[in-house]
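Engineer: Fit chain U to the given chain H structure using the hints.
So the protein sequences, as listed, match chains H and U.
Going left to right, the first sequence walks through residues 127 to 435 as this note's numbering numbers them.
Going left to right, the second sequence walks through residues 127 to 435 as this note's numbering numbers them.
These are computed hints drawn from the structure, not numbers from a lab.
Quick caveat, the model's predicted, so the values are computed rather than measured.
Errors might be hidden in some of the hints.
Because identical chains share one entry, a pair is satisfied inside a single copy or across any pair of copies.
[What the hints assert, rightly or not] Here are the simulated lysine to any residue pairs, SDA-like style, with alpha carbons at most 25 Å apart:
hint: 1; residue 1: Lys314; residue 2: Arg331
hint: 2; residue 1: Lys314; residue 2: Gln162
hint: 3; residue 1: Lys314; residue 2: Gly138
hint: 4; residue 1: Lys314; residue 2: Ser202
hint: 5; residue 1: Lys314; residue 2: Phe303
hint: 6; residue 1: Lys314; residue 2: Met199
hint: 7; residue 1: Lys314; residue 2: Phe175
hint: 8; residue 1: Lys314; residue 2: Gly434
hint: 9; residue 1: Lys314; residue 2: Thr279
hint: 10; residue 1: Lys314; residue 2: Arg382
hint: 11; residue 1: Lys314; residue 2: Leu352
hint: 12; residue 1: Lys314; residue 2: Ala355
hint: 13; residue 1: Lys314; residue 2: Ala324
Number of protein chains: 2
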Amino acid sequence: MNRTALIAVDWGTTSFRAFALSGTLSGEETIIARTQAPAGIMQVADGAFETVLEEQLQRLDAGADVPVIMSGMITSRQGWIEVDYLPCPAGGDEIASALHRHETRAGRTVHLVAGLIDRREPARPDVMRGEETQILGAVDETSDRSLAVLPGTHSKWAEVGCGRILRFSTYMTGELFAVLRQHSILGKLMEGDDEDEAGFEAGVRAGLASEGGLLRDLFSVRTLPLTGALAAGATASYLSGLLIGAEISSARAVHRGLDAPVMLIGSDRLVARYGQALALASIRSERARDDAAAWGMLRIARSCGIVGS
Amino acid sequence: MNRTALIAVDWGTTSFRAFALSGTLSGEETIIARTQAPAGIMQVADGAFETVLEEQLQRLDAGADVPVIMSGMITSRQGWIEVDYLPCPAGGDEIASALHRHETRAGRTVHLVAGLIDRREPARPDVMRGEETQILGAVDETSDRSLAVLPGTHSKWAEVGCGRILRFSTYMTGELFAVLRQHSILGKLMEGDDEDEAGFEAGVRAGLASEGGLLRDLFSVRTLPLTGALAAGATASYLSGLLIGAEISSARAVHRGLDAPVMLIGSDRLVARYGQALALASIRSERARDDAAAWGMLRIARSCGIVGS
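Excised from the complex, chain H in its bound form (with noise of 0.2 Å):
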């Protein structure tokens, strides 16, 4: 029998994810079951996160005394419980011991996985909250040197060696491209949100050789519909192209010398679009397990005997 040992939140922005899990690391069977819900930091009034676990919780049909661990925006300024950034390089024996213990009203014990900054570079830090979590449970701890990339709203690029994150950036393509569709006149002159995959190849390639000049490529997003260099149904997808083209030829800048596949983790969306755009760049690419969040906080939990091994 599959006894819960262990129930694993990932609790960010705009959503709110929950596992009970077995407390092994054998596979799949370890997640005895799974909830989610549109409940994330933003969505919750008046600070009334507890009520908001507990109703979730109750879904997952595990009992008061099973210990939480959760990662993700929870722990921010925004959230429940601030917990400090962890500096970089961290694995998962530092992020266990910097866990944060503190008990519910209910006598729940949960415990909060800190984030991590990277300061290496004093003109920009970095910061990342959950995605260190996603990243300890995607790769593989024996590896020497790797790159995992979180595609999204702030994109993240990390250096793993030996299971520790040893440094990080972050590019705002998610968000960029969202207030440009939105907000600018690249928006307006646009029409229709349908994927174009010509459109998209040709943004990435112009994004790749764009060597800085951002600022002045975005304005081509305007020219080339406006001389008929490219259809305007096409516009959007080669505004997305662009961005994620310029996001790797920028990161590949930051993180060089790594020669094996990048491990990409986020959502089949995301994941196929930078598959595509790093194999225009020429970079390898596989995609990390599922419910990579559940398995980081899984291996975070038993380093310091939450759960047994």
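Structural biologist: For chain U alone, coordinates are given in the frame of chain H:
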């Protein structure tokens, strides 16, 4: 007596400006009267451009027989009469030859100035409407080769030689600042819109040094205040500086080898900001004379005999 020989209209997206000119190029006394209104093409309802024009020109007290010359977005697809772009390089003579003549219902003769297109880079065709006229009015026709910079929503950098516009490039600096300020997480974390000198300078330096990592540098606008390295009240100025610095860095790579001071054309505030940022990049600049658009249109009108020399 200074009789009006020409009416020059600078009609853009958000504003309408008109000048009554005496026809000589001899100096400030050439401008007999002027008017301006927030009647840009986006504010004109139902295509009533002729009505707006007649209303505005009444303020200049010039007869219906005085020729009118116009430039700016009024000649775009969203304006009154679309005039095809003229290919670059082009100077006063080519632009004068390409004037589009239109008789209004009121019997007035209107000459519309074509915008320019630069197709040198197929992946980044570039266009301007109105700036070509300002540049012609600002630069010295006898100077060998220089750069004119028109900061704004879509900043333009143009190489000029012997009074001809040789090539140019556009940067979406102002628009990107506006959408990020108003609609992104960066804007949400900013406190106030006061200008902060130190924050602006630090931003310019970061932008100049960014070497193409704009998507990454934007995230530092979040992390620098988060880590206490930048005051929340300085963040808007930092973002402004970062974008202007990135524009300069990119434009400098596009327009190499130009030693003469850059000619700045624009509002007092933007010219001061760009002058300061250019100085941080060790690029000298000087301010163009006022009313460059009016002088440019007078030059074009004289070049094709609409007014006498």
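Engineer: Run every hint past the structure and note whether it holds.
Structural biologist: Here is how each hint holds up against the structure:
no., hint, verdict
1, Lys314 to Arg331, "within (24 Å within a copy, 33 Å between copies)"
2, Lys314 to Gln162, "neither (35 Å within a copy, 28 Å between copies)"
3, Lys314 to Gly138, "between (31 Å within a copy, 18 Å between copies)"
4, Lys314 to Ser202, "between (35 Å within a copy, 16 Å between copies)"
5, Lys314 to Phe303, "both (13 Å within a copy, 17 Å between copies)"
6, Lys314 to Met199, "between (32 Å within a copy, 17 Å between copies)"
7, Lys314 to Phe175, "between (39 Å within a copy, 22 Å between copies)"
8, Lys314 to Gly434, "neither (56 Å within a copy, 43 Å between copies)"
9, Lys314 to Thr279, "both (21 Å within a copy, 15 Å between copies)"
10, Lys314 to Arg382, "neither (38 Å within a copy, 33 Å between copies)"
11, Lys314 to Leu352, "within (13 Å within a copy, 33 Å between copies)"
12, Lys314 to Ala355, "within (18 Å within a copy, 37 Å between copies)"
13, Lys314 to Ala324, "within (21 Å within a copy, 35 Å between copies)"
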